[in-house]
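The hints should help you fit chain B onto chain A, whose structure is shown.
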Amino acid sequence: MNMDFTDKRFLVIDDQAMAREALRSIAQTAGAFSVEFACNYQDAIFRIRNNTPDVILCDYMLGDGRSGQQLLEELRRFKLLPDETIFMMVTGEQSYEQVVSAVELVPDDYIIKPFSPDKLLLRLERILVKKAFFADYYKERRKQEFARALALLETKLNSTAGRGYRFEIMRQKAETLLASGHNTAAEALYRGILDAGEFPWARAGIARTLQRQNRLDEARHEIERVVASTPYYFDAFDVKATICLAQGDTDEAQQVLEQVARKTPRNYLRKRLLAEAASLNGDTETARAVMSDVIANDNMPGAVLAEDRLALARSHVAHDDRIAGEAALIGIRDSEVQNFSLDNQSSYAALLAICCPERGKKKFIGLRPALMSTELAIMNRLDVLHAALYLNDAELADRQAESMMAGPDAKSAFSAMRKLYALYGREVDFRELQKQVALRRIHHT
Amino acid sequence: MQKLLDILASGIHDAKNQLFIAESLISDAEKRHSIDLAEARYALESAANRMSRMLTSYRVMRHESRLSLLPVIVSDLCAEIALDQRNHLAHRNLALDVECTTDEAWPLDRDLVIDMLNNAVQNAGRHARQRIRLTAEQQGEMLVFKVDDDGPGFANLPPSRGTGLLLAAELARMHVRRGHCGSLTLSNGSPLGGARFELRLP
Chain A
0 MNMDFTDKRF LVIDDQAMAR EALRSIAQTA GAFSVEFACN YQDAIFRIRN NTPDVILCDY
60 MLGDGRSGQQ LLEELRRFKL LPDETIFMMV TGEQSYEQVV SAVELVPDDY IIKPFSPDKL
120 LLRLERILVK KAFFADYYKE RRKQEFARAL ALLETKLNST AGRGYRFEIM RQKAETLLAS
180 GHNTAAEALY RGILDAGEFP WARAGIARTL QRQNRLDEAR HEIERVVAST PYYFDAFDVK
240 ATICLAQGDT DEAQQVLEQV ARKTPRNYLR KRLLAEAASL NGDTETARAV MSDVIANDNM
300 PGAVLAEDRL ALARSHVAHD DRIAGEAALI GIRDSEVQNF SLDNQSSYAA LLAICCPERG
360 KKKFIGLRPA LMSTELAIMN RLDVLHAALY LNDAELADRQ AESMMAGPDA KSAFSAMRKL
420 YALYGREVDF RELQKQVALR RIHHT
Chain B
0 MQKLLDILAS GIHDAKNQLF IAESLISDAE KRHSIDLAEA RYALESAANR MSRMLTSYRV
60 MRHESRLSLL PVIVSDLCAE IALDQRNHLA HRNLALDVEC TTDEAWPLDR DLVIDMLNNA
120 VQNAGRHARQ RIRLTAEQQG EMLVFKVDDD GPGFANLPPS RGTGLLLAAE LARMHVRRGH
180 CGSLTLSNGS PLGGARFELR LP
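Here the protein sequences line up with chains A and B, keeping their order. Be aware that the first sequence starts at 0, since it is given in numbering that gives the first Met the number 0, and climbs by one per residue. Be aware that the second sequence starts at 0, since it is given in numbering that gives the first Met the number 0, and climbs by one per residue.
If we strip away everything but chain A, and leave its shape as in the complex, we get (with noise of 0.2 angstroms):
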């Protein structure tokens, strides 16, 4: 293999000068045939975007309220970093090795300033070998081939070379398994992984495992451990939110998010998973804040997606701001209104048919049959009940209510449910709804 990083452009990352020219030194004692500079976040993801480079060092510590590691995870979450790039965070402190041990999304490596020319080369070198290792797995894991992902995987697990990679090879196949949606294999082998060390990533794998079986009281339980032995994890507190919306617990799904979002302030993936726990809690205000922010501050290109505009018109509509709720509507293009799915389909319908009846209900009416018979997700379903009661439907809305109660959603819907049913005088209805269904499901079983 080729050990030479003659050839291999680097990108240094840091936001004090001074480091930065320590690093660049560093690197070209190593050999780097060419260093180039980012001193900022924006910096730093314009320029591994427009010329990818070979390896990038970047220092933990970004200024700004930004850390290495949020610029780590904004670059996987727009798939900026090819699977060839080294990734190599810089710190001064041990601290960041919590981060690494516990998450999910790792860099190749972290180095502790501070180092020889020697040690960076050592640990480029090994880098290098792991990723020879798992190259045709990468390249069937982007291509979501995951049958054979996971062949290769086994083969490797077998392997005398993989002996050292062992931890890693069970792990990528615990992922694949949970991609795949195999859930009990995932679990037992998570399981596994836990009996051979306490990784927080494997806890928090297994809470993931159950929470996708349904066994929710198992899955929040193994999150709390996580989240209680981790505070620097804040991808397990996400999982934590969304099982806490699954048992219905609204109110402790936003509090989580917003304890968290408070260290992360310029995560807007974090946030959206915040406007619509806050949305189902009923705490409109706080949603509409949240999805205002993100809409304005989440600047990467493609970020903003018609969906985000579709949850700031649906806070807006919340708060009886039906000029705002338009204004959010018309953001998004013709074109993307063109290629929704039914699900975003259903929800623009629904929400320009309470914003403005005259350009909105035709439409919505039009999509009525659908709307009967469908199965949508729980936020569409939730826009559809809310125009359905507002134009006085009430055959459309108790049918989305009702499918609401008997599905899987139910704990999570119910409190915005009733509160929908009460804004339009309909609480009564809505009782009787319960009944119903609840009376079904005795007699089912």
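Keep in mind that the hints were calculated from the coordinates and are not lab data. All C-beta atoms, glycine included, are put in the ideal place defined by N, C-alpha and C.
Label pairs and their calculated CB-CB ranges:
hint : chain 1 : residue 1 : chain 2 : residue 2 : range
1    : A       : Ala405    : B       : Asp13     : 56 to 62 angstroms
2    : A       : Ala178    : B       : Asn92     : 52 to 58 angstroms
3    : A       : Gln41     : B       : Thr184    : 50 to 56 angstroms
4    : A       : Pro264    : B       : Arg172    : 35 to 41 angstroms
5    : B       : Arg58     : A       : Asn296    : 34 to 40 angstroms
6    : A       : Ser291    : B       : Arg160    : 58 to 64 angstroms
7    : A       : Arg211    : B       : His62     : 33 to 39 angstroms
8    : A       : Gln15     : B       : Arg160    : 37 to 43 angstroms
9    : A       : Ser291    : B       : Arg58     : 37 to 43 angstroms
10   : A       : Gln41     : B       : Arg58     : 30 to 36 angstroms
One side only, chain B facing chain A, incomplete, derived with CB under 7 angstroms:
hint : residue
11   : Asn16
12   : Leu18
13   : Ser26
14   : Lys30
15   : Ser67
16   : Leu68
17   : Leu69
18   : Pro70
19   : Ile72
20   : Asp102
Using 27 angstroms as the maximum straight-line C-alpha spacing, the simulated DSS-like pairs for lysine-lysine come out as follows:
hint : chain 1 : residue 1 : chain 2 : residue 2
21   : A       : Lys418    : A       : Lys362
22   : B       : Lys30     : A       : Lys118
23   : A       : Lys7      : B       : Lys30
Here is chain B on its own, set in the frame of chain A:
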């Protein structure tokens, strides 16, 4: 008290950043003038390690220390100790042999274990006549590191322990797995004739 810890941690963080700048300037000068200043860099890195160890000790004493378990390839870990120490020992005409008989990965706190072993090799270097040997092997459920030297051995057993060794013993105990916990033993059982440092991790 949390505040004091934060002040210490951020001061040490800044100092290590500055030491890194110093190390980069030295390594730059080495390249430009084709000279070897490895001993100067070694001294800088030792100073940085001292500071980190001090912070770790403080955290352990306050029971605020938590291990960060990562699966580490044992032979890689040994190679890092060799890289950190061999050159410096050679300056004093001491040889460091490394024997690693396992190709396994082991869940351990990489930076803390590297620091413990570096410290053990440094201690051995103070008393060795000619050679020091680092071995790593798997014994059943345990991973065993030994640092042997050919010096005079400990005058008294058990020997009086400095901060580094006390900390190492505590950190070894913190490694717990499947009901076993780690341990540290100091003896005169070195086959090279001198002292032995033995770290067992579950």
